[in-house]
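In the order they appear, the protein sequences are chains A and B. Following this note's numbering, the numbering of the first sequence begins with 1 at its first residue and continues without gaps. Following this note's numbering, the numbering of the second sequence begins with 114 at its first residue and continues without gaps.
Just so you know, these hints were derived from the structure itself, not from any lab. Note that the structure is a prediction, hence the values are computed from the model and not measured. Misleading hints may appear alongside valid ones.
[As the list claims (entries may be wrong)] Calculated lysine-lysine pairs in the BS3-like style (CA-CA distance at most 27 Å, straight line):
(1) A:LYS42 to B:LYS183
(2) B:LYS183 to A:LYS100
(3) A:LYS42 to B:LYS127
(4) B:LYS122 to B:LYS196
Chain by chain, the residues:
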Amino acid sequence: GESVGLHLPTLSVQEGDNSIINCAYSNSASDYFIWYKQESGKGPQFIIDIRSNMDKRQGQRVTVLLNKTVKHLSLQIAATQPGDSAVYFCAEKVASGTYKYIFGTGTRLKVLA
Amino acid sequence: DGGITQSPKYLFRKEGQNVTLSCEQNLNHDAMYWYRQDPGQGLRLIYYSQIVNDFQKGDIAEGYSVSREKKESFPLTVTSAQKNPTAFYLCASRTGGDEQYFGPGTRLTVT
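Model the full structure from these sequences, guided by the hints.
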């Protein structure tokens, strides 16, 4: 199977609890951010995005918070379910004309029944 | 059914052989990307293309080549010059805004 999750930080949460996954980004000029979910052996799945002119954005059961002062991004998952178990990583778009993205290494979320 | 397809899902090659990974999208996206994913590392950009017949090297382009003859297709060739080709390869495309979506990936194993 896919071994991309080896040696990643792991967050274990009880089913039904809320999860908070954090990401420190690198470039203060980045203007757009994405959270992805990646299950073993599969491609990353787009979850939610946020632009740098916002500090919070909500989706279905997910919320992204952006703190530009400390270059920090977080993903909150409400009422975590077993299907949420995966590796989550953030991406930042470098604010230039090249449309390049920088990706974090990810956090493994384990949902305990 | 719109999306990004990559084939094959698993690919095995002998050292010294070139191999081409397929990526097709029917999302009408102009920009397409190839990334490599290794355990414990963030995705690394190999090549990207913002428009047909144009592409740029990413951070780890050595040993790889691409073409972009059609909007829908962005194949990646892993050449024998790539020193450590075994990895999970991901293709992505980007909307007219900034959203980037990924295909299911191809796991290449070179022995």
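Results of checking the hints against the structure:
{"no.": "1", "hint": "A:LYS42 to B:LYS183", "in the structure": "25 Å, holds"}
{"no.": "2", "hint": "B:LYS183 to A:LYS100", "in the structure": "21 Å, holds"}
{"no.": "3", "hint": "A:LYS42 to B:LYS127", "in the structure": "24 Å, holds"}
{"no.": "4", "hint": "B:LYS122 to B:LYS196", "in the structure": "22 Å, holds"}
In the structure shown, no violation is registered for any of the earlier numbered hints.
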